[in-house]
Structure formats: C-alpha cells, structure tokens
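Asks: Residues per chain, in single letters:
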Amino acid sequence: MTVAATPAPSPATTGGQSGVRLARSRRNAELSLLLLAMVLVAAYGATVEANLLDTVTPDFWMPAAALGAVFLGLHLVIRFLAPFADPALLPAVALLNGLGVGFLRRIDLGEAPVADRETLAVFAGIGGRQLAWTLAAVILAAGLLAIMRDHRSVSRYAYTLGLAGIVLVMLPAVLPSSISEINGAKLWIRVGGFSIQPGEFAKLALLVFFAYYLVRKREVLSLASRRFLGIDFPRGRDLGPVVGVWLISLLVLVFEKDLGTSLLYFGMFVVTLYIATERVSWLLIGLVLFFGGAYLAYVLGSTVGGPFANFYVRAEIWLDPFADPTDKGYQLVQGLLALGTGGLFGTGPGGGQPDILPEVQNDFIFAGIGEEIGLFGLSALLVVYLLIVERGLRAALAVRDSFGKLLAGGLAFTLGLQVFVIAGGISKLIPLTGQTTPFLSAGGSSLMANWLLIGVLLRVSDGARRPVTGGAGKASRPAGGPPEQLHGAPTEVIKP
Amino acid sequence: MPELVITVARFGFLILLWIFVFTVVGVIRRDLFAGARSGRLVAAPRAVGASTGQAAKPAKVKRGRAAHQLVVTAGQLAGTRITLGEAQIAIGRAEDSTLVITDDYASARHARLVPRDGQWFVEDLGSTNGTYLDRAKVTGPTPVPLGVPIRIGRTSLELRP
Numbered sequence: 011m012t013v014a015a016t017p018a019p020s021p022a023t024t025g026g027q028s029g030v031r032l033a034r035s036r037r038n039a040e041l042s043l044l045l046l047a048m049v050l051v052a053a054y055g056a057t058v059e060a061n062l063l064d065t066v067t068p069d070f071w072m073p074a075a076a077l078g079a080v081f082l083g084l085h086l087v088i089r090f091l092a093p094f095a096d097p098a099l100l101p102a103v104a105l106l107n108g109l110g111v112g113f114l115r116r117i118d119l120g121e122a123p124v125a126d127r128e129t130l131a132v133f134a135g136i137g138g139r140q141l142a143w144t145l146a147a148v149i150l151a152a153g154l155l156a157i158m159r160d161h162r163s164v165s166r167y168a169y170t171l172g173l174a175g176i177v178l179v180m181l182p183a184v185l186p187s188s189i190s191e192i193n194g195a196k197l198w199i200r201v202g203g204f205s206i207q208p209g210e211f212a213k214l215a216l217l218v219f220f221a222y223y224l225v226r227k228r229e230v231l232s233l234a235s236r237r238f239l240g241i242d243f244p245r246g247r248d249l250g251p252v253v254g255v256w257l258i259s260l261l262v263l264v265f266e267k268d269l270g271t272s273l274l275y276f277g278m279f280v281v282t283l284y285i286a287t288e289r290v291s292w293l294l295i296g297l298v299l300f301f302g303g304a305y306l307a308y309v310l311g312s313t314v315g316g317p318f319a320n321f322y323v324r325a326e327i328w329l330d331p332f333a334d335p336t337d338k339g340y341q342l343v344q345g346l347l348a349l350g351t352g353g354l355f356g357t358g359p360g361g362g363q364p365d366i367l368p369e370v371q372n373d374f375i376f377a378g379i380g381e382e383i384g385l386f387g388l389s390a391l392l393v394v395y396l397l398i399v400e401r402g403l404r405a406a407l408a409v410r411d412s413f414g415k416l417l418a419g420g421l422a423f424t425l426g427l428q429v430f431v432i433a434g435g436i437s438k439l440i441p442l443t444g445q446t447t448p449f450l451s452a453g454g455s456s457l458m459a460n461w462l463l464i465g466v467l468l469r470v471s472d473g474a475r476r477p478v479t480g481g482a483g484k485a486s487r488p489a490g491g492p493p494e495q496l497h498g499a500p501t502e503v504i505k506p
Numbered sequence: 145m146p147e148l149v150i151t152v153a154r155f156g157f158l159i160l161l162w163i164f165v166f167t168v169v170g171v172i173r174r175d176l177f178a179g180a181r182s183g184r185l186v187a188a189p190r191a192v193g194a195s196t197g198q199a200a201k202p203a204k205v206k207r208g209r210a211a212h213q214l215v216v217t218a219g220q221l222a223g224t225r226i227t228l229g230e231a232q233i234a235i236g237r238a239e240d241s242t243l244v245i246t247d248d249y250a251s252a253r254h255a256r257l258v259p260r261d262g263q264w265f266v267e268d269l270g271s272t273n274g275t276y277l278d279r280a281k282v283t284g285p286t287p288v289p290l291g292v293p294i295r296i297g298r299t300s301l302e303l304r305p
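As given, the protein sequences belong to chains A and B, one line each in that order.
According to the numbering used here, the first sequence is numbered sequentially starting from 11.
According to the numbering used here, the second sequence is numbered sequentially starting from 145.
Note that these hints are calculated values from the structure, not bench results.
There could be a bad hint or two in this list.
[To be verified] Here are some chain A residues the structure puts well away from chain B; computed CB gaps all over 12 Å:
hint, residue
1, A39
2, D69
3, S205
4, G339
[Said to hold, decoys possible] Per the computed footprint, the stretches of chain A lying under chain B, defined by three or more beta-carbons under 8 Å from a beta-carbon of chain B, are:
hint, stretch
5, 97-107
6, 352-363
7, 390-401
Small disclaimer: the values here were computed from a predicted structure and weren't measured.
Quick reminder that beta carbons are idealized off the backbone N, C-alpha and C, glycines included.
The whole structure should be built from the sequences, with the hints applied where relevant.
Replies: Given below as structure tokens:
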C-alpha cells in the first residue's frame, strides 16, 4: 500500500509512483511566478524613473528587492505551513501590491521638486510608508497561517467574530464626526496620527459568521419555500436575518454615508446565502432590496435631505459629472479625463499627470494607473484580480466541508465585488463611493485586511488540495504490512 | 534618455504584464475547468503485499475496473470529488471527517469507506439513520461496486473509475 490519495489538482499520469508526482505542492511554480512579479515591479520602477528623471538611478531596484524579500518570507512560511496552498494566489497578489507601491513612489517623485527627485530617498513618502504597511500586512497573513492550521477551527469563534464584526461596523457611525469623518464618509477611527478603517476588518469577521450561520440554517432556507411565479421564495420567518443584514447595511449607508461599504456587506451576505442554498430567488430578492433601498435613499435625499443628502449628491454627480466639472464633479471628471488620456496603451509609467487627480493614492489609484498604462495594462490588472477571485472560488469548489466552501466562496466574491465597486465608480458605471482598491491603494487597514483575506484563502486552498492521507510525508507507508483492520480502526483525522 | 528607450520600456512593461498573466494562467490551466479532470486519476488501492518496485504496473492492469474517485452525486456537497488512494474515507458530520456532510440525517461519525485488496468496502459506524448501499441497509463491511449509490441522509455518493 504505497499510493497516496490526493485531491490535489496535479497530474498523475502513471499513478503508481507514490507521493512524488501525485501530491505536488507546486511551491516551485509559485516561487518562479513570484520572481517574475518582482521583475515586473522593478521594470515598472525603472520606467517611471526613465520618464520622470530622464535617467535610471542605480538603486531603482531597491523597492522591488525589499518587496521581494517580504514576499519571499511569506513564500517560505507557506512552504512549511501550507504546502499545498494554491500556487497562483501569492504571486498575483504580490504583483498588485508591488505595482501599488511602485505607483505611490511615482506619485512621491512627481510631487517632489524637479531638483530633488533624483535624490529622493527610496523609502520616503507614501511609497515608503506603503512598503512598511506591506511588511506588517504580510507578517499578519503569515501569523494567520501559523495560528489557523485548519480553517474549520475558526468556526468555533463564529459568534464572537460576528459580534465583533457588527461592533466594528457600527463603531465609526456612533463616534463623533471629529474622530470618524474623512471626506464626508464616517468610516474611520482616528487616534493620534493613525486612522484605521474598522470596516475593512469587519467584513472578514462578518463573513466567518455568515458562513457558520448559513451552514447551520441552509436546510431550512433551501427547503422550506413557497413557489410563486416560477421562483422559489423562502418563508417569511426565514427571511428575518436577511432583512436584518439589509437594515444594517442601510443604516451603514445612512449614518456612515457610504454606499460602497453597504453594497459590499449586503452583497457578501446575499452571495453566501446563494452559495449555501443554490436558490436564484435569493439573488433576485437581494438585488430588488438593494436597488429599492438605494432608490429610496436617493428620493429621500432629494426631498428630505439630512442623512440621505450625501448619497443624493453622489448620485447626481454620477448621473451628470459634467454639470459641475470644477467643483462637485471635479474628481470624477478628472478621473474620466485621465482614463481617456491614457487611451489604449497609456502615456507610459511616469509619463502621465496623476498628481492633479484628487485622492489618486486612495480611491482613484485605478484612474491614475490607468492613465499611464492605458486600457491594455489596466485590463491586465483586472484579469489578475479575476484570477485571484477564480482561485478563491476554485478552492471553495474543491474543499471538502461546507463551512470552508462558504468561507472561501464568500471571501473571493467579496474581493471581486470590492474591485467592481471601485472600478465601476471610477469609470462611471455606478455612483462613485469611497472604496479602497484592494492591494493597490495606500493605507494600512485595507492592505492588512486584504492580506488576511488572502491568508484565509491560502489556508482553505491548502486544505482543499492536501492529500487525504494528511501530508506528503506520510504518503507512503511500508508495503506488505498487515491489511488494515476494518473493525476498530479510528476514524481518520486529517488535521495536520 | 532617448525617446526610443522610453518607448521600448513603456511597451515592454505592458507586454511583460500580459506575459505574467498568461504564465499564471498556464500554471493553473490544469484545474481551470472542473470537468476536465479525467486525466489526473490516482491509482486504486491494490493488493496488499504488492512490492513497491512494481508499483505502477499492477495499478495499470486494474485500472479498468478499480474505483479512482468518490463523487458526491446528491446533497449539499454534490459535485465534490475525492480522489481515492490508500487512505480510508471517513464520512460524517464531525469536522475531522474526510467528507464533512452537513445533513440533519447524518451522524457525527456516520460511515467509512475502507480499501482492501483493490476493493472498497463501506461500513456503517453505528449511525442513527443508517447507511444504504443502493436500497439495502449496510450492516457489516460491504463491498461497493462502481456506480452504485451509497446513501447517507440526503447525500448520495458513488465510486467512479
């Protein structure tokens, strides 16, 4: 008995050679992809300097090398703690994170006086700060992998995390505006020089709770239903929690004045519900509730004003940004002009003028990058996001327990939805809302929360691809031993 | 810096970006499509005592008939596949089961599948609602033929070649 059982999607054509080919962890593929990503980041840095400084300084490679060292550390952690994790996740995220740091350094360079540009310290400005945040975020993700050896263990803290999530969501809303309000949206907690965005972490905590709750309730939600107009609608009493989350997300919309965040929470819940029950009716109910709520907020904003006014203004800007292009619509108009200037191939890294875009380091980083790398490059970045989401969904499909499926599927979808909300806002597809672009935007909270999300996805994908025997080391047992006793053998434990 | 170098760098970066994208796609190509999995089967459990050196051959001979995959055909985990090897498969609601089924009619440790002499046996572990092989209730270790459903609560499992 020498053959390893493996759910790992690796080819095993001969089928007989135990362990080696069957349970391929593909860590070397991950390493080489990671190196390629870092080469890209270095190339980006060099092009920026060639455009902005008219020369390439001898230490242009230093940010890329520093990032490379950080990610290499995480790669080693994965090698030891999650050897069967998905090989595409880390390099794809590393590329986005690296380009984000590179672009922020490009903004630093662009804002510095021309004479000082060449001597600008490599680790200065927001680019340098983002590098430090990356280090912190990657350490957090590595810590998560170290603590959480099996994704199923989180389900024990589901209710605690759910409560923590709601507290984190509500905290900025109840705090006075002087502490929590930046640019009209009450999403922050400012303590001293730091500002944290608790909502970023709340989405992780809430998702664990959603996944746990729905695993418990999926039966009743998917089976007890009434058929109406060809669609299965759930019973009224089962709608309770959904309506509850809908109300919370509307409250977020009203009190934190942020459509994006509320769309994110609500979409997250509806989609986990859909994954759990496989009922299209949930998606329809969700969409109707959300659009109804948003329209109501818009109408209330135009008539009553008060807490709804902010949303009304944003919707008006979205409907016609050119009505007031120098004041209210300025940001969106400049973003659209930047994307237009970029055209198909962009002005080249360092060749654009992202500095005139308000909030280019946060919300509008996509427009700023888009101006310089054009549609061609921007769509490559979007495909990278798509691949990350796809890997998450793939892990959800492959993992062997319902909680893991819901957790990974929900997290992957949330990431995709966040990219949609911000990219859609910038390109005037939906009303613009202040969402960070995952991994690109400047800011520690967003970076840390999203790296934690990737940590969870890595852990789930490790669990999904790990051989059933519980590790490559135990794959081959001595041959010719006594046949396994059918009676009395314990149920196999596949925890590492 | 000459214009040419900047132009080359500008387009070179874009091309490199897409090369990265396609390399990632190349790495994950094999499992991009859920259905195209037939090429990655793992050998079936073989006769105990087959020597390690000839590992590949006996497996090949048996391939036509041996079970290589456990597929969930009905229930919440429908579509889940487990590639079979030498390890036994524990099924139940307990979180440490190989296949964790969240089914109100399943017990914590409901049943298990055990390989023996190239044949898989299903064994009920004293579950409340029982395990059924097709329509017959499983009482002792019972050999499982290919394609015959094992029913546990609302979940249905099959061995596939």
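Asks: Quick check for students: does the CB of A39(A) sit more than 12 Å from each CB in chain B?
Replies: 5 Å, violated
Asks: Over 12 Å to the closest beta carbon of chain B is the bar; see if D69(A) clears it.
Replies: Holds, since 17 Å exceeds 12 Å.
Asks: So S205(A) supposedly isn't at the interface. Is its beta-carbon more than 12 Å from every beta-carbon in chain B?
Replies: 32 Å, holds
Asks: Three residues minimum, CB to CB under 8 Å: does the stretch 97-107 of chain A make the cut for coverage by chain B? Let me know.
Replies: holds (count 5)
Asks: Is it correct that the beta-carbon of G339(A) has no partner in chain B closer than or equal to 12 Å?
Replies: 30 Å, holds
Asks: Go check the stretch 390-401 of chain A versus chain B for me, would you? Three or more residues, Cβ under 8 Å, otherwise it fails.
Replies: holds (count 7)
Asks: Per the coverage rule (Cβ-Cβ under 8 Å, at least three residues), is the stretch 352-363 of chain A covered by chain B?
Replies: With 5 residues closer than 8 Å to chain B, the stretch 352-363 of chain A meets the three-residue bar; holds.
Hint 1 alone, counting from the list given before, is not met by this structure.
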